[in-house]
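Student: Now for the letters of each chain:
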Amino acid sequence: MSDDALQHIRDTVESVYHTDSRRVLATLIRLLGDFDLAEEALHDAFTAAVERWPRDGLPTNPRAWLVSTGRFKAIDNLRRRARFDAALVELIHQAESAISSQDEQELEDDRLRLIFTCCHPALASDAQLALTLREVCGLTTEEIARAFLATAPTIAKRIVRAKAKIRDARIPYEVPSLSDLPQRLDAVLQVIYLVFTEGYSASSGPALTRPDVSGEAIRLGRLLLGLLPEPEVMGLLALMLLHESRRAARSTPEGELVLLSDQNRSLWNRDQIAEGVALVRPALSSHPPGLYALQAAIAAVHAEAPDAAATDWIQIVGLYDALTQVAPSPVVELNRGVAVAMRDGPSAGLAVIDGILQRGDLADYHLAHSARADLCRRLGKFAEARASYERALSLARQEPARRFLEQRIRELGA
Amino acid sequence: MKYLCSVFFDEKNLEALSQQEYERLNEESLAYDDVLRKAGHFVAAQALQPVQAATTLRLRAGKVSITDGPFAETTEQIGGFLLIEARDLNEAIQLASRMPVLRLGGVEVRPIKEIPRGAVQNS
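Protein sequences appear in the order of chains P and Y. So the first sequence is residues 49 to 462, counted in this note's numbering. So the second sequence is residues 310 to 432, counted in this note's numbering.
Worth flagging that the hints you see were computed from the coordinates, not collected in a lab. Just so we're clear, the structure is a prediction, and the values are computed from it rather than from any experiment. Treat the hints with care, since some could be wrong.
Unchecked claim - In the EDC-like style, the derived pairs of lysine to aspartate or glutamate whose C-alpha atoms are separated by at most 16 Å in a straight line are: (1) Lys205(P) <-> Asp84(P); (2) Lys205(P) <-> Glu190(P); (3) Lys347(Y) <-> Asp174(P); (4) Lys347(Y) <-> Glu385(Y); (5) Lys311(Y) <-> Glu417(Y); (6) Lys422(Y) <-> Glu190(P); (7) Lys347(Y) <-> Asp124(P); (8) Lys205(P) <-> Asp174(P); (9) Lys321(Y) <-> Glu385(Y); (10) Lys205(P) <-> Asp342(Y); (11) Lys311(Y) <-> Glu394(Y); (12) Lys311(Y) <-> Glu190(P); (13) Lys321(Y) <-> Glu417(Y).
Generate coordinates for the entire structure from the input sequences, incorporating the hints supplied.
Tutor: Right, dumping it as structure tokens:
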């Protein structure tokens with residue numbers, strides 16, 4: 049074989065690894081019944097591909113070849129290890145008796161099984177995140193550690209323990225039944241959204257050396273939507289895309305925070321907005337619309353407004369009313385209060401926010417105090433505005449937010 | 310990414326093995342090296358002679374001083390090492406967890422720090 053042809057096959061192995069290694073892993077976990085065994089088999093299958101494909105030519109179905117090679121390698125490994133460890137005999141039976149289906153639907157379901165297992169409610173939330181990023185997205189332990197500003201041994205331990213829990217608690221590798229689906233899907237969506245917000249709100253820190261965490265969450269959202277086109281999956285993907293579209297406008301080149309109303313909207317990513325907005329309508333089709341669909345709808349109204357003043361605040365308040373019904377929380381009420389201020393004027397908004405604060409909710413939430421300060425400022429109540437900005441500053445933990453508040457206090461003068 | 314798996318154990322544990330147990334440990338360890346070699350993970354591995362064969366060097370006031378015995382007097386001493394190539398720390402941990410010698414003591418898995426050659430020459 050010529051050098052060019054050899055290089056072509058090596059490039060093919062490389063690209064098959066990128067596109068298909070997670071699918072192959074998902075199927076191997078089902079066939080072998082064990083995460084570690086499947087990961088080892090995946091590695092062995094690709095090692096064999098590098099060796100054999102240049103010699104024997106490309107298989108017609110590389111993915112099927114990798115699955116069956118991985119499975120046979122695993123059985124070989126287990127047989128050899130069973131000489132020293134009799135407990136492995138059960139695993140050998142499982143690996144040998146599993147039916148290796150070539151049915152496309154079954155293979156796609158394997159990817160869903162993997163996602164639902166990694167996000168199983170029996171696992172702690174931080175373990176779900178780490179496991180999903182490593183097994184479903186294919187990130188390395190070190191990359192996950194960088195993304196979450198943790199050490200690699202901490203993340204490694206979390207992953208080892210999560211796998212042990214899956215094994216010991218015999219967490220089944222399956223797509224949940226229709227009756228369990230809504231609840232289990234919530235857990236998956238929450239993991240994806242947490243991954244997203246980790247990448248989206250962490251504008252400080254050594255951002256340049258971190259992998260694109262939000263991008264990974266969006267990729268996961270797309271994958272899930274392809275496998276399970278439920279309205280809330282559409283809603284989550286739309287919400288992430290619409291938030292992500294504003295990334296370039298959210299901070300100055302110096303890293304200072306820019307509020308939505310002050311953002312340069314020509315910096316917003318129009319392709320992401322178009323994709324997000326198109327998903328919002330089908331996302332709202334369930335009755336009642338879900339948490340993510342409603343938040344995405346709010347983001348879509350902002351995305352389509354030429355500027356803050358021209359925003360359809362009537363519609364935004366209506367969407368917040370609906371959100372309060374579906375998922376009541378003080379933070380949703382606070383956001384609704386800000387929208388009411390835009391619709392009916394600052395004093396109407398202030399009444400809503402003061403109502404929340406008087407109940408004792410959000411007393412320690414810096415954004416509640418800075419929203420209140422802002423409305424007082426607009427009403428000319430400068431002493432009250434200053435007091436609320438100072439309260440917000442005493443509670444804010446992120447550097448850009450603190451600098452923003454200090455700037456506002458300076459602007460109020462002595 | 311390369312990881313060093315340093316094996317630590319109390320040498321008494323090794324001495325306590327019967328001849329048959331000792332041979333079996335060696336056989337298993339060599340077999341595991343072959344498994345790692347075939348899978349492309351193996352870089353290097355060696356067992357070490359007992360710690361009484363060690364010599365420790367230190368620089369004192371610009372002069373090399375030599376003492377016999379290990380660098381630090383502890384019950385568990387380094388008894389061997391395995392250098393592997395792995396995708397990430399979890400794969401390295403998984404590979405280290407099957408080292409047969411683990412039953413004598415413990416294994417420390419630690420990533421290798423690559424020192425870029427260009428930077429050294431320029432500094």
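Student: Indicate, hint by hint, whether the structure satisfies it.
Tutor: Now for the hints, and whether the structure bears them out:
no., hint, verdict
1, Lys205(P) <-> Asp84(P), "holds, 14 Å"
2, Lys205(P) <-> Glu190(P), "holds, 12 Å"
3, Lys347(Y) <-> Asp174(P), "violated, 35 Å"
4, Lys347(Y) <-> Glu385(Y), "violated, 31 Å"
5, Lys311(Y) <-> Glu417(Y), "holds, 14 Å"
6, Lys422(Y) <-> Glu190(P), "holds, 13 Å"
7, Lys347(Y) <-> Asp124(P), "holds, 13 Å"
8, Lys205(P) <-> Asp174(P), "holds, 11 Å"
9, Lys321(Y) <-> Glu385(Y), "holds, 9 Å"
10, Lys205(P) <-> Asp342(Y), "violated, 25 Å"
11, Lys311(Y) <-> Glu394(Y), "holds, 4 Å"
12, Lys311(Y) <-> Glu190(P), "holds, 13 Å"
13, Lys321(Y) <-> Glu417(Y), "violated, 19 Å"
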